[in-house]
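Protein chains in written order, with the numbering used here: chain A, 19 to 383; chain B, 29 to 551; chain C, 675 to 992; chain D, 16 to 326.
A couple of the hints might just be wrong.
Stated by the list, open to error - Ranges of calculated distance between the beta carbons of each label pair, as one might list FRET restraints:
{"hint": "1", "chain 1": "A", "residue 1": "Ile-61", "chain 2": "B", "residue 2": "Gly-226", "range": "53 to 63 Å"}
{"hint": "2", "chain 1": "A", "residue 1": "Ala-68", "chain 2": "D", "residue 2": "Thr-145", "range": "37 to 47 Å"}
{"hint": "3", "chain 1": "B", "residue 1": "Thr-150", "chain 2": "A", "residue 2": "Ala-309", "range": "46 to 56 Å"}
{"hint": "4", "chain 1": "D", "residue 1": "Leu-82", "chain 2": "A", "residue 2": "Leu-49", "range": "40 to 50 Å"}
{"hint": "5", "chain 1": "C", "residue 1": "Arg-926", "chain 2": "A", "residue 2": "Pro-221", "range": "32 to 42 Å"}
{"hint": "6", "chain 1": "D", "residue 1": "Ser-79", "chain 2": "A", "residue 2": "Ile-61", "range": "26 to 36 Å"}
{"hint": "7", "chain 1": "A", "residue 1": "Pro-88", "chain 2": "D", "residue 2": "Ser-79", "range": "51 to 61 Å"}
Stated by the list, open to error - Pulled from the structure, derived: some chain B residues nowhere near chain D, Cβ distances all over 10 Å:
{"hint": "8", "residue": "Ala-116"}
{"hint": "9", "residue": "Glu-136"}
{"hint": "10", "residue": "Gly-180"}
{"hint": "11", "residue": "Asn-194"}
{"hint": "12", "residue": "Ala-217"}
{"hint": "13", "residue": "Ala-359"}
{"hint": "14", "residue": "Thr-372"}
{"hint": "15", "residue": "Ile-426"}
{"hint": "16", "residue": "Glu-436"}
{"hint": "17", "residue": "Asp-525"}
{"hint": "18", "residue": "Val-529"}
Calculated directly from the structure, the hints in this document are not laboratory data. All values derive from a computational prediction rather than experimental measurement. Even for Gly, the Cβ is constructed at its ideal location relative to N, Cα and C.
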Amino acid sequence: MSIDTAPTVSATALDATSGAATRRAILHRLLMTLGPILIALIIAGCILLAVGVDPLAYYGYVLEKGLFSPLGIQQTLSRMAPLLFLAAGLIVAFRAGMWNLGGDGQFLLGAVAAAASAPVLIQFMPGWLALFCAFIIATIVAMIWSLVPALLRAYQGVNEIVTTLMMTFLGTSLANVLVKLVFRDPGTTVPQTRTLPVEDRLPRLFDTTITSGLVLGLITIIIVHLVMTRTAFGLKLRIVGANPRAAVHAGLNVSALTIAVFAISAGLAGLAGAVDIIGVQGNVRADWNPAYGLAVIPAVFLARMNGFAAIGFVFLLSVLSIGGESAARRLGVPNHFTLVLISIVLIVLALAEYVDHRYNQSRKA
Amino acid sequence: MSGSASSPVDKRDIVTLESVTKRFPGIVANDDIDLSIRPGEVHVLLGENGAGKSTLIGMLSGLQQPDEGRILVDGKPTQITSPRNALALGIGTVFQHMMLVPTLTVAENLLLGGPWWQTPKTEELAARVAEITSSLGITLKLSAKVSELSLGEQQQVEILRAMLRNSRLLILDESTSMLTPKGIDELGALMRRLVGQGLAVVFITHKLKEAVAFGDRISVLKLGKKVGEIPPERLRSLGEQEIIAEIVELMFGTQGADPEAATHPDHTASFAGAAPLLQVKDLAVAQTENAPGLSSISFDIRPGEILGIAGIDGNGQKQLAEALAGQRAVAGGSIWVDRTAIETLSVGARREIGLRYLTDDRLGEGTVGTFPVSINFFLKQVGAAPFWRNGVEQRGEIDARAAQLAREYDVRTPSLKTPVGRLSGGNIQKVLLARELAEGAKVVIFNKPTYGLDLANTLASRQRIRDTAARGLAVLLISTDLEELLSMCDRIAVIADGALVGTVDNVDDARTKVGRLMIGLAA
Amino acid sequence: AEVKSIAILTPEEGTDYGWNQQGIDAAKAAAKAAGVEVVVAQGLGYGDVRPTLRELASDGASLLIAHASGYNTAAPEIAHELKVPVAIVDTPAGLEKGLVADYTLSGHEGAYLAGRLAAKMSRSKSVGIVVSGEPPSWNSQSAAFAQGVKAGNPDVKITYAVIGPAAYSDAAGGKRVTESVIASGADIIFGQGNGSSFGMLQAVETTKAADGGKVYFIDVIGDKSPIDKGFLLSSVVWNIEPVYAAMIADLRADTFGTKHYSIGLKDDSVQLLKTAAIPDDVWAEMQTVREDIISGKIKVEPIFDAAAVRALMTSVAQ
Amino acid sequence: MSGLFSDVFLSALLFGAITAAIPLLLAGLGEQMSEKAGVLNIGIEGMMLAGAYLGFVGAFYSGSLWLGFLTGIAGGVAVALIMALLCVRIGLNQIVIGIALTLGVEGLTALLHHFQFSRSYPRLPAADATVIPLLSNIPVIGPAFFKHHMIVYLAVALVFVMSYIYRRTQLGLNLQAAGDKPAALDVAGIDVMKTRTIAVLTTGALAGLGGAYLANVGAGLFIPFITNGAGFLGIVLAMLARGRPVWVLVGALVFGVCLSLTTAMQVAGINMPTDIIQMLPFLAVMAMLVLFGRRASLPAALGIPYERGAR
Ligand SMILES: Nc1ncnc2c1ncn2[C@@H]1O[C@H](COP(=O)(O)OP(=O)(O)OP(=O)(O)O)[C@@H](O)[C@H]1O
Ligand SMILES: Nc1ncnc2c1ncn2[C@@H]1O[C@H](COP(=O)(O)OP(=O)(O)OP(=O)(O)O)[C@@H](O)[C@H]1O
Ligand SMILES: [Mg+2]
Ligand SMILES: [Mg+2]
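Kindly generate the complete structure, drawing on both the sequences and the hints.
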């Protein structure tokens, strides 16, 4: 299957960056992002009113607790770290036209691998090396996990949406089995892996609680963006994504590229898990599954697979989830409302993008 | 310039266009066009690639709405809002690009459009099809999957479909491009019969001879504007050569006799004695679900030589080209390029050695439609210096070279950043030509290189192919256009059912010999 | 130290007639009794609660009760980071003076009692244990229940079934598995599960036992009688209020983090729920067993490990 | 092992397998229709959940299971309507909208449940069964297969209705054309948008019904997130089935049987970690994918919004 909505936008996004026009374009983007968010907030506000909650108070808390208080912004930035890695992985896959919907399984297995290895390694080697090795192990485990969908897609043409979805169901179970039966910390009654002590985790930034995973995530997603848009390798992947037959015609090794895409995408998802564990969580508990993947997918699409824009959307998601929880508690709305809010924001943003696109087209004509 | 000053509305018109304008991002595809379409007339639309012909009929068939101006049907201003609406008005169209569902059978494709709750009425259809095909002189297997048909056969299905609709106005957008000379003549005769019955026909072609032979009225478009019209009276009063001269004048502003009637120069002499650059021996390809196989194909091409492959479309031409280029698995036999055996090499490796393949499927595999024109020039060189250094894209180099190629090959595009898929077919083809001929080539396979090109581009492309050979390259030219082969090749081989049935030197009586081979007689 | 307010964090909404609700209700009651404020942060899920912990701490809570085993890595970390006392569950080794207190709650004594009750009440001499997952606190109750059943009547068959993947909210799975277990002969179901326990309850209400009579349900932690339709036999009800009250007192006395808190039969913080379905004589008999447990005549050792529970089930099944 | 299991128990296991399979069957059939017409309907999880919620509300307040199924269908259709509007009419990205809708419905139904039912947790009485005479008397098989609610037989019959539609009607041709080459359908005079809209709404109806069955019969109640990924399994089944409704049925049954098998193994006292046993259904599907998944012929235009005359 070749769904080529993705590359459509990628090709046009590629065009959009040129010199002086860039600043105006960015301003325009910003406006086209904030405007819809405002509209979404109004719609969601009506729901709040309907259940008898003051929307202004609610949003006030969201902003304060998610963005403007020193504590809030730190939490928001910390939350971004794993999401950025996931987004980077999705950018690679989607630009190459492969629907890796198995991010959650890859994430969890990466997390388990990191949680299992880091506390052990740290006893034998310098801290930084141990963490580095744990990252590598997590990446490799996630890559191996993606091998089944990758091989099936590359050599049998089996659609990867099905296989990655299935592998995510399986991966979630396997992660549990590993935590409960293989890597279980014998010192606790609760099934979880050994805990990496706080002082051995990724350092925090300066005097804050922000994990340095954030910096790694930012660097990673920017590198991924540049590789996908500025290098021969990235272009090859995009050709495979946009028109696989053209890729064959142009002499590209589509099977090898397909496997590479899965490996990179899954590896980054695994890294996301590792960064969350080594940066923040310290261990993996049985039945733990934050299911970040599901919310990151739309964010990556809205960003048109552009790494920089993805950073913005991941930031937005983090603000909403951190601030939303706080606001819900303070006003006695169930936390589930955050889901509704995120959903409305996503839909209105998608609509706005469409309207914007239409407007541009009619203006150009 | 033409009769656009006086209002063209005429009581006899089925469809009239009044000052119709259609814009696309960055381009005015149709600019203030007046046109009248009358029953009993074959109205030929001529124009370069991208002149706006397909856009014009897009508006007639309900795919697009005019930005300005209006369309009158039977004298009444009418908005043709959808293809369904157009069909209801009696306007049937055979589109330039294939409009069949590949996974459905011929019959199912023909039945598409019936009331949703019904069971498809296959028997009824078979009877009607039999009626029409016999008068058309074609045979079609209704139960065949469309994906198994050759492009030519698919075009026949589309013509048949338009006929089944009992249209009052039949539009044929480059419908002869995939037909054999015989097929073209038959279609021409059919058009004559239809207008004889009082239908109107709009016929788009790039072949001036067809225009003159079948047309009653000729309109010429250029850069979206209508630059002239030759009414029936005048058409009848002039001889073929005079008309062609007039059309060429309208289209290109130059005067000349029949521009297609060039004979091939012989430049093999300068490479006499050189070893063959391309050698193919006993090449075989297995048959697949939807493509014929190849069996024991052997031929040589020396430097400077152009070998033509003639044959009715769908007889293995594409498989041959793909097997040579490395896109299709070979079941047996060997291929040498410049004495290197290549049959086990990958597509990329064969290209390294100097083999070039210009595909006939520009949109499907030749280009990435959503990518900018500039990148499409380098699709087969991704990673190569100087456009990439250490794997990093050199935008400056790419843009500069792309601009140069666009100029050299006269690619008309709003900008180098325009997605290539938005260009007209002819301009896309120029991008492909530029890409394949650029540098390092030894052997070039051209598969239908001028399909869909306008006259000027056709001539330019042919000249490029001749120049290619003159530089000492070996050229394999696959075409369904016999005239083209005769005007270019040194030798012509005929392919039928996946085998080469004979090779003819392109001398005086080549036309008859090739013709005999094609219809299954000995040369 | 001064205690102005306490905060409790729960993974789900406090309306589940179970773990979350009991925790929140207890925190409210304890706070009220001690005259301090209470902040409830519910429905936080099983993800990262550090943001919420930090925020509650910065809002001035004097004690953070992290009421889920999933929070017991995060909470002590925040305790150290912000020097705020936290209470965590299921981590007896985690005590730290002034900072971290543990309350490992196990209703195993109550579950044992429930097992004795089930053995007595089962007409078919077959009971079922249906759980939606295998966390330690449920394991100890499953095991104790099984031991109670066997102690009450070694001939009673026990069927143990875990629902299925991602089963916490799998009400349909809860119902399906419970129906199967009933079909295998059980007429009393000891059920543990969050959302899925309502599916178990529904199965019990809509499925007849092999003898055509009622199937009864024994619940845990909470008291579902307000929503019962006459099928609730009993419940191992946990009352956590004394635990929280003790924590507040310890905070005030600067002894927080020096002792373990637990619940048990003796102070009625674990109680077998008396319903109309239990005949008085049976109930009286259960009270005697209760006394024996309190006095130490009957020893019930908690088993927290899932594998050990399964091993136990296989051995008692034989 | 059979010595351990009574007939009644075996019947119950098979009965449970069917009950678990029906929502997957309906979701799979629905998804299949969307995919045939070229729409990748990732929002199906949300449609099921909406169907589960509204289906339960309908059944609970009216006391009629049939009315519940109707309101469930309405719930699924309502979400599908948004999807059709945004993804078919306007052509927004199907994956973004699908996921957004799923998240939104998850939140909204949990919210509504909180205000409405989180104190009372209402439960429905047992669904009345339509007993098929004679067949239901066969030991083991009879009670397992022929004592279900009427809707189960209808759902199975739907498999054949779908097959008929796809193979023998113009609508079937239209749907296939809309997925494989929408432009060809358009120029044949059939509105692509309309065809795809009908497909998406049908998906919503089937998913909604599946959700309602899950809540009303499968669980007998509604709780937040009750569908638990059933919609995503529906997507997997639809893709596995490659356009053939019968294979959706087979896939759904395999899945249901695997679920019951996990229960059977536990009841048989096989001392294997439950987490491993529970991977069984997924392993089964994965094995089917490896064996039969090759070149899964998905519609060429799947996921691509149609725009008339676009280049
Ligand atoms: N949907 C569209 N979007 C953008 N540009 C378009 C679209 N359709 C046509 N164009 C542009 O309009 C111009 C006219 O195209 P059209 O296809 O009508 O040319 P044509 O005369 O049929 O050419 P050819 O002989 O190559 O088929 C071209 O420049 C083309 O790129
Ligand atoms: N009531 C219906 N139920 C199911 N499919 C339908 C229905 N009505 C139309 N369709 C389908 O909708 C698509 C668009 O149909 P069409 O454009 O023929 O609609 P229409 O204008 O209402 O046609 P008609 O003249 O048949 O009423 C087709 O795929 C058709 O098969
Ligand atoms: Mg054209
Ligand atoms: Mg053309």
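For each hint, the structure was consulted:
1. Checked against the hint of 53 to 63 Å, the C-beta distance between Ile-61/A and Gly-226/B comes to roughly 59 Å, which is consistent with it.
2. Restraint check, Ala-68/A to Thr-145/D: a C-beta distance of roughly 40 Å satisfies the suggested window 37 to 47 Å.
3. For the pair Thr-150/B and Ala-309/A, the beta carbons lie near 50 Å from each other, so the given range of 46 to 56 Å is met.
4. For Leu-82/D and Leu-49/A, the hinted distance range of 40 to 50 Å is satisfied, since their beta carbons lie about 48 Å from each other.
5. Restraint check, Arg-926/C to Pro-221/A: a C-beta distance of roughly 37 Å satisfies the suggested window 32 to 42 Å.
6. The hinted window of 26 to 36 Å between Ser-79/D and Ile-61/A holds, with their beta carbons roughly 34 Å apart.
7. A hinted range of 51 to 61 Å for the beta carbons of Pro-88/A and Ser-79/D is consistent with their spacing of about 57 Å.
8. The claim that Ala-116/B lies off the interface is violated: its Cβ sits roughly 8 Å from the closest Cβ of chain D, which falls inside the 10 Å cut-off.
9. The claim that Glu-136/B is not at the interface with chain D is violated, since a C-beta of that chain comes within 10 Å of its own (minimum 5 Å).
10. No Cβ of chain D approaches the Cβ of Gly-180/B within 10 Å, the least distance being about 18 Å, so the stated non-interface status holds.
11. For Asn-194/B, the shortest C-beta to C-beta distance to chain D comes to about 13 Å, beyond the 10 Å cut-off, and the non-interface label holds.
12. No beta-carbon of chain D comes within 10 Å of the beta-carbon of Ala-217/B; the shortest separation is about 26 Å.
13. Remark: the non-interface label on Ala-359/B is consistent with the geometry, its nearest Cβ contact in chain D lying 21 Å away (cut-off 10 Å).
14. Even its closest Cβ contact with chain D, about 25 Å, leaves Thr-372/B beyond 10 Å, as expected for a residue assigned away from the interface.
15. Listed as a non-interface residue, Ile-426/B keeps its Cβ farther than 10 Å from every Cβ of chain D; the least gap is roughly 24 Å.
16. Under the 10 Å C-beta cut-off, the non-interface status given to Glu-436/B relative to chain D holds; the minimum distance is some 25 Å.
17. Non-interface status of Asp-525/B relative to chain D is upheld: no Cβ of that chain comes within 10 Å, the nearest being about 27 Å off.
18. Every Cβ of chain D is farther than 10 Å from the Cβ of Val-529/B; the closest lies at roughly 34 Å, confirming the non-interface assignment.
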